[in-house]
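**Q** This is what each chain is made of:
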Amino acid sequence: MNLIVCVKQVIDPEAPPASFKIDPATNKATVQGAAPVIDPYGEYAVEASLKIKEAKGGKVTAVCLGTALQREVVKKPLSMGADDLVLLEDEAYVNGDTWSTASALAAAIKKIGAYDIILTGREASDTNAGQVGPAIAEILGIPCATIVKKIEILDGKARVERMVADGYEVIEIPLPCVLTITNELGEPRYPTIKGIMMAKRKEPIVWKPADLGVDAAKLGASGSRAKMAKLFQPVKEGKCEIIGGDTPEEAAAKLAMRLREAKVL
Amino acid sequence: MADNMGVLVFCEVTNGKLAGSAAEGLGIGKQLAASLGQELNAVLIGSGVNANADMVASLGAAKVYVADDPILKDYQTDPYIQVLQKVAAEMKPAILILGQSSVGRDLAPRIAFRLGSSATLDCIELAIDPAGKKLLMTKPVYGGNARAIFTSVTMPQVVTIRTKAMTPAQPDPSKKGQVIKVDAGLTPDSVKAKLVNKVAQQAEGVRLEDAAVVVCGGRGIGGAEGFKQLDELAKLLKGATGASRPPCDNGWLPQTQQIGLTGKIVAPELYIAIALSGSSQHMSGCSGSKTIVAINKDPEANIFREARFGVVGDWKKILPAFTAKVKELLAA
Ligand SMILES: Cc1cc2nc3c(=O)[nH]c(=O)nc-3n(C[C@H](O)[C@H](O)[C@H](O)COP(=O)(O)OP(=O)(O)OC[C@H]3O[C@@H](n4cnc5c(N)ncnc54)[C@H](O)[C@@H]3O)c2cc1C
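Chains as they are written, first to last, in this note's numbering: chain E, 1 to 265; chain G, 1001 to 1332.
Just so you know, these hints were derived from the structure itself, not from any lab. Hints should not be assumed to be uniformly reliable.
Computed, partial: chain E to chain G, Cβ under 10 Å [said to hold, decoys possible]:
id, residue
1, Q32
2, E123
3, I139
4, T146
5, K149
6, I153
7, G156
8, T182
9, E187
10, M228
Calculated pairs, BS3-like style, for lysine-lysine (alpha carbon to alpha carbon, straight line, at most 27 Å) [unchecked claim]:
id, chain 1, residue 1, chain 2, residue 2
11, G, K1238, G, K1086
12, E, K239, G, K1290
13, G, K1238, G, K1133
14, G, K1133, G, K1228
15, G, K1073, E, K157
16, E, K263, G, K1086
Quantities reported herein were computed from a predicted structural model and do not represent experimental measurements. Ideal Cβ positions, reconstructed from N, Cα and C, are used throughout, including at glycine.
Based on the sequences and whatever the hints tell you, model everything.
**A** Here is the structure:
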């Protein structure tokens, strides 16, 4: 099985909401006091690819697109057990939309050559777009299943479980295909000491637009079909009335009475 | 690009009934069509969905495209794309609206890319820019910490709308639409990713999406046992029990009870958040609630920035006393 997993570097999505700021000069988001991380759903996708490799053998190649990629962050898939890491690291790739991002990733996937399953997270924690996987499928002309929590490889196809609102669906999908992975898959494994040592020694492969043979006009902002006109933080007028009491039980009873008084109960 | 005109709303049907997103899509679709001075149309896809056409027309659609075929009985990506592609070729809409459901999440990006355009998912606000007549699409990003407004360079402008974010259209039975049959030339080969089974995992009692009261527990509840106490309060208030992601990840509650960005979106009258920190991703699923009440031992927890009423303390002491007092008040 040739498995390719697309995973990005993001600002920490689990940092406290109070530390989240937007720099109006650059229109970029930051969180104070937290280092960048591998996108959480991407990490579930890495876990899914490693599970398939364990069951069926093969090779896992991680592909990461961005700039200022911190090696210790983007090497996480390697330390978890991926075989290779390809970085699409260039200013030309970034500030794009799903389409231009997926175009670059699809070009890299074609250059890698052999693929049976391409995996992505169900949505990135920064854009919350949930579209790179479907876009890659459209570009490569292969089927796609989204929000997948379980994968079983059969002859020439995969049987996957897709989370839906009131349960899950079982879908049979021919290979090659794209799968986008959800957290119901189960926690990603921790890197082992051996994995961390291997990842340290392994140099990622870096591909520039020229290496992919794609026109820079099709990449990043210039290749985008959607433009971000504005990025802002919604104002919160929230003020919470804290109900106290001499004991927790008293506070609880006062809360119930206050809710009754406010006609909430 | 100038050829594209009008608004097309994909009206999802579940178990024979129009999904809530259909009326919500037609509600906002009507406003957008009026701003553009263009037509509002709808598309129904499924098996037996012809029966829903009158309802869709009464909600304001001038033309109702209907693809009624046994192959379309359950949602499967590939034949649904094929149908929408056919309808889009015929109508050439400027705007295509779907719901941010299990179906819409999957279908919207695929049909958008297939048509040479792009999609913006989970929109909470849609408006027409008076200057360029472009659709301004507002969606939460960074897990709800921020919002972004997008425009599309390409046509059609495809969106999904967040559950309960838009005002639904009201039916007017005197309104009749023109029903147009769609033959997309489907064959069994149209299906590539094939649905082979559906497994329901609904909790008993009131559905989370419909509940007027939601009692929601977080990681701090500590186990399945603790959730029984939340169930007791939910039952008393004729509501439903939900959870943040960790309790579902840990199997204390079915995965279908997760509330948030990647779970269910709820907007009850009363939302009682117990031992959850109020992460932006969680709040994405409940910030539309009328009144949020928080119980948390950490006075600095973000949930107190979101809640209207709160008690700081250990839920194990607070919840039983609260439930007892509520019982007493309701009995009085
Ligand atoms: C892209 C993305 C999507 C996500 N989607 C979702 C989603 O849809 N829904 C979701 O919920 N999460 C989602 N998450 C996860 C989210 O970021 C948080 O990790 C999660 O919501 C935290 O859950 P929690 O508040 O229960 O746990 P924690 O943040 O660990 O909070 C536990 C809280 O319990 C309190 N507590 C502990 N013990 C007690 C006690 N005895 N009495 C009172 N209080 C106590 C603590 O003070 C703390 O505030 C998503 C994350 C990402 C990156």
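**Q** Hints first: check each against the structure and report whether it holds.
**A** Do the hints match the structure? See the list:
| no. | hint | result |
| --- | --- | --- |
| 1 | Q32 | violated, 13 Å |
| 2 | E123 | holds, 7 Å |
| 3 | I139 | holds, 8 Å |
| 4 | T146 | holds, 5 Å |
| 5 | K149 | holds, 8 Å |
| 6 | I153 | violated, 15 Å |
| 7 | G156 | violated, 13 Å |
| 8 | T182 | holds, 7 Å |
| 9 | E187 | holds, 7 Å |
| 10 | M228 | holds, 5 Å |
| 11 | G/K1238 / G/K1086 | violated, 45 Å |
| 12 | E/K239 / G/K1290 | holds, 14 Å |
| 13 | G/K1238 / G/K1133 | violated, 46 Å |
| 14 | G/K1133 / G/K1228 | violated, 53 Å |
| 15 | G/K1073 / E/K157 | holds, 23 Å |
| 16 | E/K263 / G/K1086 | violated, 52 Å |
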